[in-house]
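Asker: As given, the protein sequences belong to chains A, B and C, one line each in that order. Our numbering puts the first residue of the first sequence at 1, with every later residue one more than the last. Our numbering puts the first residue of the second sequence at 1, with every later residue one more than the last. Our numbering puts the first residue of the third sequence at 1, with every later residue one more than the last.
Think of the hints as simulated: they come from the structure by calculation, not from any bench. Be careful, since some hints might not be right.
Chain C stretches covered by chain B per the calculated footprint, using a threshold of three residues with CB under 8 Å from any CB of chain B [to be verified]:
#1 78-84
#2 87-95
#3 99-113
For each label pair, taking beta carbons as the anchor points, the in silico distance ranges come out as [as the list claims (entries may be wrong)]:
#4 E127/C with G38/A: 47 to 57 Å
#5 R280/B with S178/A: 43 to 53 Å
#6 I101/A with V77/B: 52 to 62 Å
#7 S178/A with L278/B: 18 to 28 Å
Yeah, the Cβ is synthetic: ideal placement off N, Cα and C, and Gly gets one too.
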Amino acid sequence: MTDQSVIITKSGERRSAQPMRQLTSSNRFIRWLKSLWGLNLLLGTISIGTILLFWEFAATLGIPGLKDVPPPSAVIAAANDLLVSPQYWNGWLLSFERIGIGFLLAQLVGIPLGLAMAMSRPTFGTIFPIIELLRPIPPVAWIPISIVFWPTREQSVIFIVFLGAFWIVLLNTIGGASNIDRVYKRAALSLGSQPRDLFWKIILPATIPSIVTGMAVGMGISWEMVVASEMIAGDTGLGYLLWQSFQIGAIAHVIVCMISIGIAGYLSSALIRAIGGFATPWLRLH
Amino acid sequence: MEAGRSTAMQSGGRSRVQYGVRLKRLVKSPRLYQAVFGIGLFFILWYLFVDFFGIWRFAKLPKLVESVKEWLSTDPVFGVSLFTAEYYKHIWASLVRVFSAFAIATVLGITIGILMGWRRIFFALTFPILETLRPIPILAWIPLAIILLPGRELPIIGLTFLAAFFVTILNTLLGVRAIDKVYFRAAESLGMSQWQQLWHVIVPGALPYIFVGLQIAMGACWFSLVAAEILSGSAGLGYKVWETYYYVQYPTMVITMATLGFFGYVSSAIVRITGNRLMRWRSEMLAGV
Amino acid sequence: MENTGALSIRNAGKIYDPEGIHVVAVDDVSLEIEAGEFFVLVGPSGCGKTTLLNVIAGFDQLTSGAINMDGTPLASPGKRLRPGPDRTVVFQQGALFPWKSVLWNITCGPVKQGRISVEAAKKQAREFLARVGLHGIEDQYPEALSGGQKRRVEIIRALMNDPTILLLDEPFRALDALTKSVVQEHLLELYDFSPKTVFFITHDLEEAIFLGDRVAIMTTRPGSIKKVVRVDIPRPRDHRILTSSRFLKLKAELGEAIHDEAQKAFEAGERELA
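Generate coordinates for the entire structure from the input sequences, incorporating the hints supplied.
Answerer: This is the structure:
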């Protein structure tokens, strides 16, 4: 192994030291390349670029499977198509709307419930078991019941989004609020704070990082749920558009929808993370 | 003469005495009764709102008593109960898919995740692709899965695999990154080669995160399985849920949902327990101090 | 026994540049450490002693000066000898692999390098453990051990590699005073049993004088050597020398100097760098 260093045996004999690492190259470009940033950028571009190239020429190269998929050029053409269609942007609006409402509801119900459960043992002991019983049922399996129960399609879709995000936010809130180091609470009490203050000034702020994590993960789940619901049971929205395009064989459009939803999901997660950053300035020190 | 803390814990399991003690404590504590109360309340409310009163829209929901009766009957109205082959046919179909997808995702995901955490160049090559593909919801892949993969089973398994795959890679990567750098320094200082560091520092060190990831991946597997089965399946619990909706067989719908929940829970528990056994050293860390 | 491990540190300097702030961690340090001696470097937190140790161990590089070990170059600007079992380190926060047993931890160095058979390693490990009063803990996981036990195990792990220089980075910092005094005595026992060149850094003056053949005082950042004093208390030593007149004299001699530096460090709000 070339990485072994000097080994000195008991008899004093030494095996030769391996060559030392030298700081080379005065060439600025090569040094930037070797720096973390430069290397990542270069290799990243190479790998994505290579894949795009293979994809584009998959048909001529005869790559099995991939050749049946519309190449990037077709996808770009389809994108041009969709980007001017009102149905597409309407889809964005509607999907975001459903996410917004479902996600928000999940926070409004989940955070207070989670805090209550973390702060009161009896509450936890009563509610947690039934939560654990219901949680393993995939939210998608709730779709039929949701459709049966709720008067409108819209409401049934929002319910599924709510359900998906709800479990996550609940667990993260309970986790965060239960794991507050006892020391902080004791310090507050010995400094004379009332239980009411304890909640607003210690428990809540200390739980916020976990809540934010729950939100970020929950947002990802919400997008999965919205897409699933729209594909299975919807008649509008980006997910529905994707499934529709598939049904009529417009695969390039399908890919555009995939990318769009991906971007939408990424944007919403980034938004959540930014809000989370604002809410927890003390975590941004380094 | 020091012998360290309780060696009973070291034997890798708990003595029968400790189980007996725990059971007694459980019966005496309020937790058992709270659990019974909470779960019982749920079923009572269900019965009251749906079966008994049939208030508002609740009347449309499947009834509790009917569903339970159906599940336990030897000659169920809609053909699915504990005693019918149909029931187990769907269970088996789903289990096979989940198991194969999860197994492949675990092996590939952990390998790639570790490589990404270990070798910077590998990371730089693969991370951009990963981050580009990851935000796309799993279900959005269904059309491509159907096109790229032959047959009916493979697209479903492929989708289920994909969900678990991304989660596993990410958590494995996080796990490798989370290993305190001092362990690498210690290993270097002790003369371990890169390969030895891989097996003795990286893999064991990342294991906690890996298993958290595997539990999440298992959940993700069931989620995508159900959705994929609904959209393109012909057997399996997910498919059955949709079929029961379509043919208005609500008691069976409840049975299927509950079965899904059961197997989801059991499979996650298996992963968790496997993790606990592989990481015996953690029981000290968590139990002690 | 071993008579190698003479360390020659000449005008060593280390400048950090995190986020554009120019930080001089180590400033023109020169020391000559004799083969086989127990050398202690004392200084306030953040003074650069850990940085110096890291450079000797091979985890970091100098920006000026040079370090040689037995005449072989060890470190110079832009170059470093990779970390290895010739300069094993005992880390401040403890680096016993929590997922391996105590015995595995102790024997992994020589066994993994292929220098010794597993059986022979186990035998040697048990000898060491017996020396410091640890029996029957070999199959336990590190987390089951107390702080003092862990430190002893880690020191033994380092010694098993038969290093030319043993590097200890404030190893007893996290121990309470009572445990600390016991473990210090065990360290000295191990040193007498298997003498090596030892480079020990600490912030505790009493510990330094108790353990060392020579004690050097490092100034607060930028760190340089303020004073080097020989501790002429004969070995073997035990805790009773802590109240001897020679010990108290040395303590008085060095006490003012170090208190000065501690005061300066406090006012500057120093934090550990590496």
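Asker: Each hint should be assessed against the structure and marked as holding or not.
Answerer: Quick rundown of the hints versus the structure:
1. Check result for the segment 78-84 of chain C against chain B: holds, 3 residues qualifying (beta carbon to beta carbon below 8 Å, three or more required).
2. With 6 residues having a Cβ less than 8 Å from any Cβ of chain B, the segment 87-95 of chain C passes the three-residue criterion, so the hint holds.
3. Look at the segment 99-113 of chain C against chain B: 6 of its residues bring a Cβ nearer than 8 Å to a Cβ of that chain, three or more, so the hint holds.
4. Roughly 52 Å separates the CB atoms of E127/C and G38/A, a value that falls within the hinted 47 to 57 Å.
5. Taking 43 to 53 Å as the suggested C-beta distance range, the pair R280/B and S178/A does not conform, at roughly 25 Å.
6. A beta carbon spacing of about 38 Å between I101/A and V77/B contradicts the range 52 to 62 Å that was offered as a hint.
7. Checked against the hint of 18 to 28 Å, the C-beta distance between S178/A and L278/B comes to roughly 26 Å, which is consistent with it.
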